[in-house]
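Protein chains in written order, with my numbering: chain V, 1 to 224; chain E, 1 to 412.
Be a bit skeptical, because a hint or two may be false.
As the list claims (entries may be wrong) - Some chain V residues judged to face chain E by a derived CB distance under 8 Å, without partners named: (1) 33; (2) 43; (3) 46; (4) 172; (5) 186; (6) 188.
Calculated directly from the structure, the hints in this document are not laboratory data. Beta carbons: idealized from backbone N, C-alpha and C, even for Gly.
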Amino acid sequence: MTATGRVIHWINAICILTAVITGLYIAHPYYQTLIADPAVDKYVMAWNRWIHFIGAIILDVTLIVIAYLYFFSRFEKAYKKLIPTGKNVKEFFEVIFNLLTFNRRKRFDSTHRDSFNVVYFAILHLLLVWMLFTGLQLYVQGLESGLSSIGKWWPALLHNATDWTIAATGGTLMDVRISHHTTMWWIVSWVVFHIYYQIWRTIYWQEGDIAIVFGGSKYVEKRR
Amino acid sequence: MTDRAEAVKRVFTAKNSRVDTNRGERYYKELYVRCKKRIEELKSMESFGSKAELSEILSDEGYSRRDFMKWTSATTAMLMLPGFFEPLVAEAAEMMNRIPVIWVEYQDCAGNTEAFIRSDGPKIDDIILDIISLEFHETLMAPAGFQAERQLDDARETFKGKYLLFVEGAIPLAENGIYGTTGPAGETFIEQLTSLAADAAAIVAVGTCATFGGVPAASPNPTGAKGVMDVINGKPIINIPACPANPANMVGVILHYVLTGQIPELDSLLRPKFAFGYRIHDNCERRAHFDAGEFVEEWGDEGAKNNFCLYKMGCKGPMTFNNCSIIRYNESVSWPVGVGHGCIGCSEPDFWDKYAYERPMADANIKAPAGGVEKSVDEFGLGILTATGIGIAIHAAASLFAGKKSDGEDAS
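Work out the full structure, taking the sequences as your base and the hints as a guide.
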């Protein structure tokens, strides 16, 4: 994994964690503030929303970088593993077989990113893109005056870019919100399996996979 | 299949709901000239409605000219018109008895009718609605049966192509609409609406039932109820949702029509932008408590006594567009959040199923996309997570049991 890739990974990990923690509060404030404090000192919901938005904006930026790297990375261009060619499809299922046979069968090249991994990450990227559009739709609902501190173009752009999510989710603003919240649970589940799978690989393959995201490389024994 | 094609079409033709609050001096100057001309034309017409002058009625009800001018300022601002339109708006209010109105009721509770006729003392909005030329209104008029039908036919013939058709209530479509019939001939609602709509200048759907189906269309919608915009094509339709629709917004729409001869600018749900271009949450008097994280935790607690935010009691202000938090009801006396109950999103489509629960969205029981048992959003999410966890646990246990072994070698 390149240095850029590792930086993106940890930025994404921190942003997703932050967005989940603050997002759960925004959806249903799960801790109370002290009633004795005057409102002006607390600003709890506002801070939660601010952190959520900042996390989301950073994620949006890294998503654009990731989208670029899918096609123009100088190293492994991820899109090449996404095209359902015979070789990729075979590799995809071989990796799944490997997981299901508890490493009894391992017939693919584990020195580089495999097709299963790329597909699995593409799923996360699509979920995050969906969060980007639904999230910005929820955000623009608060800019109904058509004005913003950076100009009229911003709410106009957001409306043009995200109003389709209302119709796509079921026709009401609440559907967008429900979809945004439900997708969060899919992402959390994605993360849980992702962490498990990386640890499992490290233990069973014995190639030091967990080191990829810290040092950038893994150790693969040369077979005869 | 056609449903899916329609849904895809909707996705790509969704209209922009952005509000343009200032269109520039030149636009308003031209509009002023057009409106002035229109008012002059109306003045030369004979009034159909109340023959008495508005000023006389107002003073009889105890309102001074000054009260009327204050109302005029507020209404001009509500219609998003510049201050120099005030005299025109006042004149337009006086001309409202020149516009014939036919008001029909379908699957409803007459709540919108109640909203504008019943208040402790009539407000200026109510009085102005009283003097419009109401040619037919089942709840308010004296005739019944065949007489009432004749009244409707007369009105339709006399004002063909000129009347505003106000519709209150949803239209049942299941089994050819037999769930709702009207008149001595047993005409179905959909038949009557179709024929009345054909001769109307424009249709105003009043209340959430008439606009989006409202409560009659709530799941499982046994009568197949639909809003007017889903059954009528080829006529200008203005939606004034809310339960009940605010009389101020009804007056606003009629006034706009009197003033310009056109319907006001509408959003993607055909709601006038002057009224539904605002989010309740952003003009809410309890908004500061939302930002501070001060919430009512249960009815009557310390937070409720201190007017804290009702978000945790299920307030839907953050996803509801309406001007209640600005103009309120009954001439700014109060509104739901003002009296301590959260917004239930009554001016949004599917509000009964998707908004009107007294919980935040995360705890709301909603139908799974495939139908079936109602689960809350968070229960559904935790279900996905649990399934993932169980899968992982099984795989981890099986991995431990199988032991470390790689392709082509024995376990060591």
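Checked hints:
no., hint, verdict
1, 33, "holds (4 Å)"
2, 43, "holds (6 Å)"
3, 46, "holds (4 Å)"
4, 172, "holds (5 Å)"
5, 186, "holds (6 Å)"
6, 188, "holds (6 Å)"
When each numbered hint is compared with the structure, no violation occurs for any of them.
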